[in-house]
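Asker: Sequence:
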Amino acid sequence: MPLAWCALAGLEAAAGGKVPPLALPLRAASAPPVIAVLALNEGTETTDFLVPHAVLRQAQVGVVEAVAPQPGPVVLMPALEVDGVRDFASFDAAYPAGADIVVVPAMHRDDDPAVRAWLQRQAAQGAVVVAVCSGARVVGQAGLLDGRRFTGHWYDRSTLLRRHAGAVYVPGLRYLADGPVVTTTGVSASLPVSLALVEALAGAARARAVAEELGLPAWQAVHRSDRFGLGLAQVWTLAANTVLFWRHERIELPVADGADDVALALAADAWSRTYRSEAVAVNSQAPAQAVRLRSGLTLRVVPPQAAAVPVAVPGGAPACALRASLQAIGERYGDGTRQWVATQLEYDETQNGCPALAAAP
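Numbering (our numbering), first residue to last: 161 to 521.
Source of the hints: derived by calculation from the structure; they are not laboratory data. All residues carry an ideal CB built from backbone N, CA and C; glycine is no exception. Since no wrong hints were added, every one of them can be taken at face value.
Using C-beta positions, here's what the derived DEER-type ranges look like: (1) G363 / V403: 50 to 56 Å; (2) G513 / G339: 28 to 34 Å; (3) A467 / G232: 26 to 32 Å; (4) P192 / R368: 17 to 23 Å; (5) V403 / G475: 33 to 39 Å; (6) V462 / G418: 17 to 23 Å; (7) G475 / G244: 20 to 26 Å; (8) G326 / D271: 18 to 24 Å; (9) Q220 / P180: 22 to 28 Å; (10) A369 / G475: 18 to 24 Å; (11) G303 / D252: 16 to 22 Å; (12) R269 / L390: 20 to 26 Å; (13) G303 / G389: 27 to 33 Å; (14) G475 / Q511: 21 to 27 Å.
Kindly produce the complete structure, drawing on both the sequences and the hints.
Answerer: Below is the structure:
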């Protein structure tokens, strides 16, 4: 067993079989904590952004604000577009002492000057900074990863080590806190780290209650990071699906007011990573009207097209929408594409806690 895995095994044994909960150096405050979920207007990862925002609001563990440099829409990647965020100026005026926690998703540009400066100010005022997936690149550009232990998406690890002096990559963990900076593995870590934040802020009982509502039985940090990477099978699937451009499809996800952010994010993210399809949201009741999501954000929709493929957002437990979407992707495009999407999202299909799904007739 490699040294890093031995160390992790020892940590699990000392903790009675699991890694201890996140210990966050939060500022002492009499008011509820302020949690900012950061976005870049021109491109922010769909699940990294929507899931923490929705879960933390659902948990009612503080004041949760979606924040972006400018007012107006936030274009999510690889799919969807939302409104309802505060701009930096508005947030700073409302919370002059800054946020207690800032959640940083992956962004189209990791060195945006406005994002970097605002994040540096928040950290200087004492905020705990949580980098989800490639949000670690954004946090690193703000100078917050130098000399720290971190985990990260499999694609980013060598880049982060090269960029940040003294940084140490720690395998085997979905999320990891080093002082006031928390990092996670790939996109699918959005859910477990959100529940870990709920636990840190409001205790294990509250986290368990929210997890039950989501359909996620556990949010442990242990993760087989050695299972993920870019191999020949993934390269072949990527190349084949890209070349066959004439077979690309538009996937329409019908939604209505009150749609669950978590299930929608996981479904849209998965279908938009096949390199065979692009997911869009359409209003199933009033095609020309935007949709208000359960979290309070406004989802922009597009007009339906006759040639598009309608695919329902999976019902049932929101946390299981990714597994259901992956099964549907496998049935439509084959197991190679299903596995490629799971690899991108760093999602362990054998350890998801969701009930078995029946095969399509």
